[in-house]
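Novice: Protein sequences appear in the order of chains P and E.
Per the numbering used here, the first sequence runs over residues 5 to 126.
Per the numbering used here, the second sequence runs over residues 5 to 126.
No lab work stands behind these hints: they were computed from the structure.
Just so it is clear, the structure is predicted and the values come from calculations on it, not from any experiment.
It is possible that part of the hints are untrue.
As the list makes no split between identical chains, a pair holds if one copy fits it or if it spans any two.
Restricting the straight-line Cα-Cα distance to at most 25 Å, the calculated cross-link-like pairs of lysine to any residue (SDA-like) are [claimed, not checked]:
#, residue 1, residue 2
1, LYS77, GLU55
2, LYS77, HIS21
3, LYS107, CYS125
4, LYS102, HIS79
5, LYS77, ALA100
6, LYS77, PRO28
7, LYS102, PRO40
8, LYS52, LYS77
9, LYS77, HIS114
10, LYS52, GLN11
Protein chains: 2
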Amino acid sequence: MPRSTRQRSAIHNAINHADRPVSPTEILDAAQADVPSLGIATVYRTLKLLETAGEITPVELPGEPPRYEPAGKAHHHHFHCRLCDRVFEVEGCPGAIKDILPKGFTLESHDITLYGLCSDCN
Amino acid sequence: MPRSTRQRSAIHNAINHADRPVSPTEILDAAQADVPSLGIATVYRTLKLLETAGEITPVELPGEPPRYEPAGKAHHHHFHCRLCDRVFEVEGCPGAIKDILPKGFTLESHDITLYGLCSDCN
DNA sequence: GTCGTTGCAAAGCGTTTGCAGCCTA
DNA sequence: TAGGCTGCAAACGCTTTGCAACGAC
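Construct all of the structure, not just a fragment, from the sequences and the given hints.
Specialist: If you want it as structure tokens, here you go:
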């Protein structure tokens with residue numbers, strides 16, 4: 005069973021208090037407000053731990069380094085704003101994904117990324 | 005104006021003769037059949053050149069290094085096999101993407117990635 | 001006191017770049 | 001012949017790992 009340390013709660017907090025998926029560097033910056041000596045290696049190790057424990061989910065966007073968000077959200081996708089570069093959650097899903105699946109292939113999951121302008125940038 | 009060299013045609017061929025998006029390493033392996041002395045640096049330099057010239061398109065999948073395919077194809081998406089790690093083209097598109105767009109947002113494009121088992125691995 | 005955890009630095013890994021020699025035009 | 005092109009090796013940025021000191025329990 006993992007131990008409770010200042011580093012880990014700081015990292016956990018940084019992810020849960022963000023209103024959008026955050027990168028390891030952003031997590032480091034935010035968590036260093038609580039634990040100034042925190043190193044990036046600890047952030048990566050803790051992220052792997054939290055992911056294995058099912059507490060966070062990696063958000064992988066095409067051509068982007070991974071971001072992280074709290075786990076347990078309903079099925080959703082992401083919108084990447086071309087201007088401000090922020091990533092937003094998008095509820096729902098066009099349910100016709102399997103219609104385009106080639107014959108002989110088995111579909112297990114899917115990712116959809118939307119691109120354009122968010123409401124702020126519009 | 006770029007010069008015509010054995011290296012460049014070997015790289016160009018490797019991409020055009022593949023029936024799926026290929027990674028820089030796969031391109032290197034294939035092109036070395038024509039030019040054994042070919043180095044990975046030349047592959048990367050040529051890829052950038054071909055992309056700028058509009059002859060190839062990068063295929064960016066979540067959490068994956070970029071792959072490349074010939075440009076000019078019709079709108080399509082990609083299937084990533086969980087076992088063999090290869091990427092396949094998927095024709096068509098579930099046309100209801102904009103139904104899930106949040107209010108105030110403008111949709112410019114989208115990426116869909118399917119995951120599962122390809123016909124070979126199935 | 002144990003042993004999991006941390007920070008630092010070094011090592012990986014894929015990609016880029018500097019440089020001297022090569023080759024197309 | 002000139003200047004773009006290539007291969008090698010070193011440099012890079014991000015992520016992972018080895019190791020000795022630290023600290024939760």
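Novice: State for each hint whether it applies.
Specialist: Verification of the hints:
1. LYS77 / GLU55: within (14 Å within a copy, 37 Å between copies)
2. LYS77 / HIS21: within (14 Å within a copy, 42 Å between copies)
3. LYS107 / CYS125: Classified as between: cross-chain Cα gap 13 Å, same-chain 41 Å, threshold 25 Å.
4. LYS102 / HIS79: both (16 Å within a copy, 17 Å between copies)
5. LYS77 / ALA100: both (21 Å within a copy, 22 Å between copies)
6. LYS77 / PRO28: So LYS77 and PRO28 pass the 25 Å test inside one copy only (20 Å; across, 36 Å).
7. LYS102 / PRO40: neither (48 Å within a copy, 42 Å between copies)
8. LYS52 / LYS77: Classified as within; 19 Å inside a copy, 38 Å across copies.
9. LYS77 / HIS114: Both: 16 Å inside a copy, 22 Å across copies.
10. LYS52 / GLN11: within (14 Å within a copy, 41 Å between copies)
Violation of the numbered hints given earlier is confined to hint 7; every other hint is satisfied by the structure.
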